[in-house]
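Novice: Read off the chains here:
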Amino acid sequence: MAEQNNVGVIHDIGFRHYDGPRLGRGWIVRSLLVETFRGAFGLGRPAKAKIMPWVLIGILLAPPLIFVLIIVLTGATELPTSYTQYFRELQLIISLFIAGRAPYAMSRDLRHGVMPLYLSRPFKRGDYVLAKFGGVALAMFAVLAAPETLLFVGALLAKLPVGAQIAGYAEGLSMAVILALVLTGIGLVIAAFTPRRGLGVAAIITTLVVVNALGAILSVILSDKGNASLGAYLSAIDPYNVVDGIAASWFSADTAITGLSSLGFTGGLVFTSLAVAIIGGSIAILLARYRKVGVV
Amino acid sequence: MPAIAIKGLTRTFGPVTALSQLSVEMPTGVVGLVGANGAGKSTLIKILLGLLPPTSGTATVLGLDCQTDGLTIREIVGYMPESECLPPDVSATEFLVHMGRMSGLPTDVARERAADTLRHVGLYEERYRSIGGYSTGMKQRVKLAQALVHDPKLVLLDEPTNGLDPAGRDEMLGLIQRISTDFDISVVVTSHLLGELERISDHIVVIEAGVLQRSTSTAAATTMSSLVLVEVTERAGEVIERLSSAGAKVVAGAAAQTFVVEVADGRVLDDIRGAVADLDVGLIRMQRRRHHLAEMFEAREEANHG
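Just so you know, the protein sequences line up as chains E and R, in that order. Position 257 of the first sequence, counted from 1, bears residue number 257 in my numbering, the numbering being contiguous throughout. My numbering runs 296 ahead of the 1-based position in the second sequence.
If you are wondering where the hints come from, they were derived from the structure by calculation, not from laboratory data. All residues carry an ideal CB built from backbone N, CA and C; glycine is no exception. Just so you know, not all the hints are guaranteed correct.
Pair ranges (Cβ atoms, derived) [unchecked claim]:
id : chain 1 : residue 1 : chain 2 : residue 2 : range
1  : R       : Pro311    : E       : Trp54     : 49 to 59 angstroms
2  : E       : Arg45     : R       : Ser352    : 41 to 51 angstroms
3  : R       : Val312    : E       : Val55     : 50 to 60 angstroms
4  : E       : Val210    : R       : Thr432    : 36 to 46 angstroms
Turn these sequences into a full structure, and let the hints steer you where they fit.
Specialist: Quick look at the structure:
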């Protein structure tokens, strides 16, 4: 009798209850952060979502590869570009990356009203914002650190002086940290106010390009008028110049804006506090923005 | 222990009072929360989830204080919002795994339970397709599934039948009933339609403009309201008189020659037959009628005001 029942019968086991562990708030925030990070590269998403980020990463990695080839082949004694200047030179590509990734992380949940589902789960409103911020910032840092690392490895392969390379690489990475945080802050704030993803992408790239042009114009006009340091300070309207200013003041790195390098200690303080203000301010704005989402 | 206990709950938004001195206990099982749009149902749900502090009063869910134990409550409670809340570019499976993890389930458990839960709400092969291509009924099922994926003890369903056609409505209501009977999960379900909730609810709570109107067990309500509609060819008045003198409760009906008799026990039906035969009038119909709770409330309201 019992044997009969075992043959070819699909048992409807009914609704199964779960008695296992429920991992708390920390795990949830970590999961959301990791998912945001992976999403920024289109991982776990269809092939279409992978195209843009990986094309941009490819473009970012191409010049270091070429530089490395050049120094290895020609036996040059220094890198064609400095670690700190590299971001400046590929500024547009970096801007495109954040413009694509920030709305990806923020807009979807806002536009399709997914927030109430997150809010009804065992973590807090602010946790969501911080997890998203962390995920995008980490992705941004990874993207900035990769070409730096490639430059560093290439320089070592070409047997350039190790001490100077390590110092340069360390400076480049610290700039990558600051730039990643600053760009993530700006990108996410804009994305959080433009629930339509396409609009968000356009808004971010427009903002970054316009402030870049403004910063350049201001610094050129003012240094023509003989007030280069005011021009340098005003050029901080462009977040890339803020990071550049920090590099110029603390690391005496080369810079595209004349005057940035002559600001010294005061300049370092001003630009550093600016960066901190941008990062802190954008997190504060994001938290305030999300205080209203999903409540009656 | 009641699933939900609310004492003197008040919530104001500036000059607007969404909930006013609400005190009610909701038992386990299916509780229907009825009220017109803007009656304060959604506000109440947000307070119960610990997302909105009440202006005054207290509320507990499964014995946990909504103001201090919000995180614990949200771990063992599921919520299905009224609004659209699904991203269109992921599949139901992916979405449910994600939401399971967001409820604190380990990833492998989330995967297993996502598949299970979708099957229970009636989504099979479709679950691998993007949600964007789903019908309203399928989307409602995904919304329901995400409220169940972490095996809660209680689910709060905000207008789950909204936007569904009559067949979809019946299926959804059947599903909600199964959550309570087969899955052993308590349900609080809101609707502005009393009629659809009374079928599946064990208990009905009615609020209007943030004020409690009724809190009744439907089992008690329906036995009390067993009625029979009688239509005769003529002399309805005399029949009514005879029945009333026999002790039956009779109310004249809307149409001529019809009246409604409350069936307290089986003898009343015999009395009707006897009265009709004695008076020698034709009996057109005797129709057992399910007394809608709504009518009952109206009748009592009139009695209260009158």
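Novice: Would you mind marking each hint as holding or not holding in the structure?
Specialist: Outcome of the hint check:
no.: 1; hint: Pro311/R x Trp54/E: 49 to 59 angstroms; result: holds, 54 angstroms
no.: 2; hint: Arg45/E x Ser352/R: 41 to 51 angstroms; result: holds, 47 angstroms
no.: 3; hint: Val312/R x Val55/E: 50 to 60 angstroms; result: holds, 51 angstroms
no.: 4; hint: Val210/E x Thr432/R: 36 to 46 angstroms; result: holds, 43 angstroms
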